[in-house]
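Trainee: For the record, the sequence lines run as chains V and L. Numbering follows the numbering used here, with no gaps: position 281 of the first sequence is 281. Numbering follows the numbering used here, with no gaps: position 134 of the second sequence is 134.
Hint data in this document are derived by calculation from the structure and do not stem from the laboratory. Keep in mind it's a predicted model, so treat the numbers as computed, not measured. Where hints are given, some of them may not hold.
Stated by the list, open to error - Subject to a maximum C-alpha distance of 27 Å in a straight line, what follows is the list of computed DSS-like cross-link-like pairs (lysine-lysine): (1) K64(L) - K108(L); (2) K108(L) - K551(V); (3) K260(V) - K108(L); (4) K324(V) - K13(L); (5) K337(V) - K324(V).
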Amino acid sequence: MNTAVFRTCPTTGLKVDLSAQALIKANAVAAVVFLALGGLFGLSVALTRWPAVHLLPADWFYLALTAHGLDVLLLWIIFFEMAVLYFASAILLNCRLATPRLGWVAFGLMLVGGLTTNVAVLQGQSSVMFTSYPPMMAAQYFYLGLILFAVGALIGCGIFFGTLVIAREERTYQGSIPLVTFGAMTAAIIAVFTLASGAIILIPTWLWSLGIISTIDPLMYKLVWWAMGHSSQQINVSAHVAIWYAIAAMLFGAKPLSEKVSRGAFLMYILFLQLASAHHLLVEPGLSSEWKVFNTSYAMYLAVLGSLIHGLSVPGAMEAAQRKRGFNKGLFEWLRKAPWGNPAFSGMFLSLVMFGFLGGISGVVMGTEQINIIMHNTLYVPGHFHGTVVAGTTLAFMAVTYLLVPLIFQREIRFPSLAKWQPYVFGLGVAGISLFMMGAGTLGVSRRHWDITFSGAPFDFSYPPAALLMLALNGIFGLMAALGGLMYIVVVVSSVFFGKKVEGKIQLGAPEGPPAVATYGSSESLRIPGTLMLVAVFFVAFVLYYFVNWKYLSDVWPMR
Amino acid sequence: MAISSPSERLWWKSPLHRVELIWITVAFLWGLVMFFMMIYWHAAGSQNLSTETYKTAPFTYYAKVETMVKDYQVRELNGVPVVRPPAGGDVYLVGRMWLWYPVLELQKGQSYRLHLSSLDLQHGFSLQPVNINIQVHPGYEHVLTITPNHSGEFSIVCNEFCGLGHHTMLGKIFVTEAAEGRS
Ligand code: HEM
Ligand SMILES: [Cu+2]
Ligand SMILES: [Cu+2]
């Protein structure tokens, strides 16, 4: 059975299982292809919502919106996560991958499933949005494709766990697994829960579309569907936080401030995940307030606490490492002297900041039981999650690609100056769409809506003029985000296929020698005033914005 | 480093930094504030969504709507009946592809028991420019008590995707000054 073939990585000295390497490549390439496709749909949606442009007709708009959600949120993100899982297990643990053949089966199922669902959508009979709320029904292939995809991803998680077991038995590492692998394990555990929920709800829905089951309760569907849909966002968070730590380690030699705290924070994600589907059910009939309050806050915001902890410990680890290297002046010399021209760093840092300020704060505010009344299904919702899953997860995945291409694909990055600017162009574009959609949502504009001038309606209504301005700005920044996405794809595709072969060792940025923070728990030697300042600014913004929204709420019609 | 095994084998025994401890405490307390804020608002706030819900069937619900329209219709607007139900009473609004039915005329400062349901797909009750958003399901009758606190013309946008005519699904609520109604 043990027929794995290895090469030794000249840069890290790690043993690389070639079959793991091939699977990482395949999954990453598939991810990028679906990002390109889905990004194009996203741009066409943004341009349609710009009233002066109004690009697509209604039927195409809803088709494109359905395809956009599927291709980017499911296919791009989950294919890439498979690559991350294989990397964090086989590569980081110096181990052979468990059952690589099954890895190809998983990949095949995911690919066939993803393509099937795409074809169903493009045929035009499945413009039901990626959430496919019943009683609206899609073509049966739509659900079948999703089920195949989920089964494939579930197998991928199984291979990850299998590899952890092998590594432990064959003693390929000393002591505990690395923090990054621990973060990936968090992601995989949550993935099993969410993919199982997905199967539990999609299989009956598929049977319903075949006429075998007569009805699906719309409320029950939403409850279970979002146990997949929302909890899977915790997979993304775990994965991209793991990547933040990985990039900080590779570029700065940064060591976590405290393994205990960082691992504990990941553990919070697993323990307090709960029914995060509550976030999508806050203004639904038929659920008690107690249930909503408890679940929407993940039991008193303990999963949020996890993210707040990472928000200190990731930049803190970098600051500590930089100060150790002598960048000790003032509050922020460590940050000024960071490698801003290296897209792996700039992408990672922008991801960290924007995930917190744009996606994180808005998510907690919107997930407040009563405040949700003034936000549910407005453009505020997509505004929020373009801050989390695009500015946060997607940008972090892009950043780590700039390291994976030389390390795993063993190719040099082509067009380095294009690569250098890519995170800024994409990051600024995404910050724009996130903010302007939130702005339009605050003014009441509906999400998933083809025409906010309501042509053909029996009555007249117009949103305030500022809302139209927001949508125009959203279109402009959407163009910019799409440009940033295109730059990424050009750089990655041309490097992977035409880049110069990497020979020998590459310079990642981390200095030689031992990691940059000497000992654990040595509070005497630890100084991270810059990070504390950043965290303080964040916290004040959070508190103010939170209470501002209670004020907005208190102005609307009383109801009970 | 984060990409290699912890150099300290007994990493869980290492003491915490003071700064980390402080931040964890602050963040935890802030979580408690946010948690209890929701509970506090149930007690002291005026905007809490009712959870009163009944299972229903589209035709049963629609019959109630029609009865209300028959009893309290005052005029018609663009082909849709305008209904002025008595203050304090029950008001039935229904969503269907692609209309909110009927148009309502309410009095400022009065409370109404607003019933919401759908005849076909899910719809989104989005009252503008107030910005109150509530999901409407077929088969469920959701009852909430609302008290309009401004007079004027309000629109109900549908903000849950409900098919190609989704953007034409617009309804109206008129809120009149309390005195006007008496004539
Ligand atoms: C070129 C970059 C992108 C642009 C311009 C863009 C723009 C948009 C716009 C305008 C909407 C529609 C809002 C509405 O009418 O309801 C939307 C929805 C959405 N976007 Fe993006 N987006 C981009 C990238 C992404 C990425 C990378 C992801 C995920 C990783 C993503 C995930 C989603 C999802 C899940 C929806 C919701 C679809 C639905 O309501 O069914 N987007 N996007
Ligand atoms: Cu509707
Ligand atoms: Cu609709």
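Trainee: Could you run down the list of hints and mark each one as holding or not?
Mentor: A quick look at each hint next to the structure:
no., hint, result
1, K64(L) - K108(L), "24 Å, holds"
2, K108(L) - K551(V), "21 Å, holds"
3, K260(V) - K108(L), "58 Å, violated"
4, K324(V) - K13(L), "24 Å, holds"
5, K337(V) - K324(V), "13 Å, holds"
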